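Can you build the whole structure from these sequences, using the hints too?
Residue numbers (this note's numbering), protein chains in the order written: chain A, -3 to 196; chain B, -3 to 196.
Don't take every hint at face value.
Over 10 angstroms on every C-beta distance to chain A, these chain B residues come out as not near it, computed from the model [to be verified]:
#	residue
1	Ala17
2	Gly45
3	Ile52
4	Ala127
5	Arg152
Straight-line distance between alpha carbons at most 30 angstroms, and here's what the computed DSSO-like set of lysine-lysine pairs gives [unchecked claim]:
#	chain 1	residue 1	chain 2	residue 2
6	B	Lys79	A	Lys42
7	A	Lys138	A	Lys79
8	B	Lys42	A	Lys79
9	B	Lys103	B	Lys79
10	B	Lys103	A	Lys42
Label pairs and their in silico Cβ distance ranges [unchecked claim]:
#	chain 1	residue 1	chain 2	residue 2	range
11	B	Leu76	A	Leu133	21 to 29 angstroms
12	A	Glu193	B	Ser78	29 to 37 angstroms
13	B	Glu116	A	Lys42	50 to 58 angstroms
14	A	Asp119	B	Leu147	49 to 57 angstroms
Think of the hints as simulated: they come from the structure by calculation, not from any bench. All values reported here derive from a predicted model rather than from experimental measurement. Backbone N, C-alpha and C define an ideal beta-carbon position, used for all residues, glycine too.
In case you want the letters, here they are:
Protein chains: 2
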Amino acid sequence: LSTPIDFYFDFSSPYGYFGAAMIEPIAARHGRTVRWHPILLGAVFKITGGAPFPTIPLKGEYANHDFARCARYYGLRFALPSKFPVATHNTARAFIWADDQNEPLAKQFALALYRAYFEEDVDISDTANVARIAASLGFDAKRLLAALSDLSLKERLRAQNEAAIARGVFGSPFFFVDGEPFWGSDRLPQIEKWLTEGGF
Amino acid sequence: LSTPIDFYFDFSSPYGYFGAAMIEPIAARHGRTVRWHPILLGAVFKITGGAPFPTIPLKGEYANHDFARCARYYGLRFALPSKFPVATHNTARAFIWADDQNEPLAKQFALALYRAYFEEDVDISDTANVARIAASLGFDAKRLLAALSDLSLKERLRAQNEAAIARGVFGSPFFFVDGEPFWGSDRLPQIEKWLTEGGF
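Structural data, given as structure tokens:
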């Protein structure tokens, strides 16, 4: 019995980007699939009283340093975007729309969005950029832009975000492996151990 | 040139306990020594607006689960103390006093305090317990208890805490390796990589 790994991420989260880049190979090595769930950390922070890591006194300077070092540790390119963090409502909605059509391609779309934002300083809160990246992967940019103003897509993201919070998700990345919650890209080694040993 | 690793920790911090248990073997494998610096997270939280992890909505339940899982991951015993967190002013002062006399033995004292608190549910905010544990390692319990009411020891902890904050320390454990800051026991693999490669 091989249940999928649930992966929650915010498109404006550097650690979410690292999680997105790393989780699929880990899952594949252990015969697992991954379900990707975009979330909005802003809604979470209203409950936890949290704030974006780089905006917190003392933590902010460390955060920007740690983002870059973690990227080197994972072997990923990274440059702090000039506009950071950004609102990711439309980015997350675009992913849901893409995921409806083609799940594997939607994951490639998510990674392309992350790379555009954290490698190329492309503002992924701008729907024109989101549509252009979608088109580069073969999605229909016009249909995507029309869908982004659709009320049902907004409602689906809101409902998915509430479901994530109800499940205990409070950060990005956040993973569930066989129901076990793991917060942070720094828990990937524990996820590997969990998958290898069937829990520990 | 082999500079010591600076290790900052709060005695009420489970992740600080994991850091304390793990850092010395890592340092030794790379020919490094470690300087131990007790801090008071309460003073840090006043600046960062933080709060003890287990008291935060959503995060609290995860925290208690993560403490236990991390302990299993590191091969350490762990049981959430019935009184948690506790004030660690006197515990930290006792460490400074012990460190003045015998640095290697003071580290054993710190580990014994951590184990008493996180394995045996001994309240280490109680100076009688701190003195008993000190005596078990050969320290003079009477002199320790007298020193704990000494103003100069209080002032030294306050000054050391301010120096730590001025250096950017905002959590437990917190490490500096060749000036490079690392927050969290989950950064130990990055510290290992840093020590192996001389930075990355």
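Hints and how they fare:
no.: 1; hint: Ala17; in the structure: holds, 17 angstroms
no.: 2; hint: Gly45; in the structure: violated, 7 angstroms
no.: 3; hint: Ile52; in the structure: violated, 5 angstroms
no.: 4; hint: Ala127; in the structure: holds, 34 angstroms
no.: 5; hint: Arg152; in the structure: holds, 22 angstroms
no.: 6; hint: B:Lys79 <-> A:Lys42; in the structure: holds, 28 angstroms
no.: 7; hint: A:Lys138 <-> A:Lys79; in the structure: holds, 26 angstroms
no.: 8; hint: B:Lys42 <-> A:Lys79; in the structure: holds, 28 angstroms
no.: 9; hint: B:Lys103 <-> B:Lys79; in the structure: holds, 24 angstroms
no.: 10; hint: B:Lys103 <-> A:Lys42; in the structure: violated, 41 angstroms
no.: 11; hint: B:Leu76 <-> A:Leu133: 21 to 29 angstroms; in the structure: violated, 47 angstroms
no.: 12; hint: A:Glu193 <-> B:Ser78: 29 to 37 angstroms; in the structure: holds, 30 angstroms
no.: 13; hint: B:Glu116 <-> A:Lys42: 50 to 58 angstroms; in the structure: violated, 39 angstroms
no.: 14; hint: A:Asp119 <-> B:Leu147: 49 to 57 angstroms; in the structure: holds, 56 angstroms
In terms of the numbered hints stated before, the structure departs from hints 2, 3, 10, 11 and 13, listed from lowest to highest.
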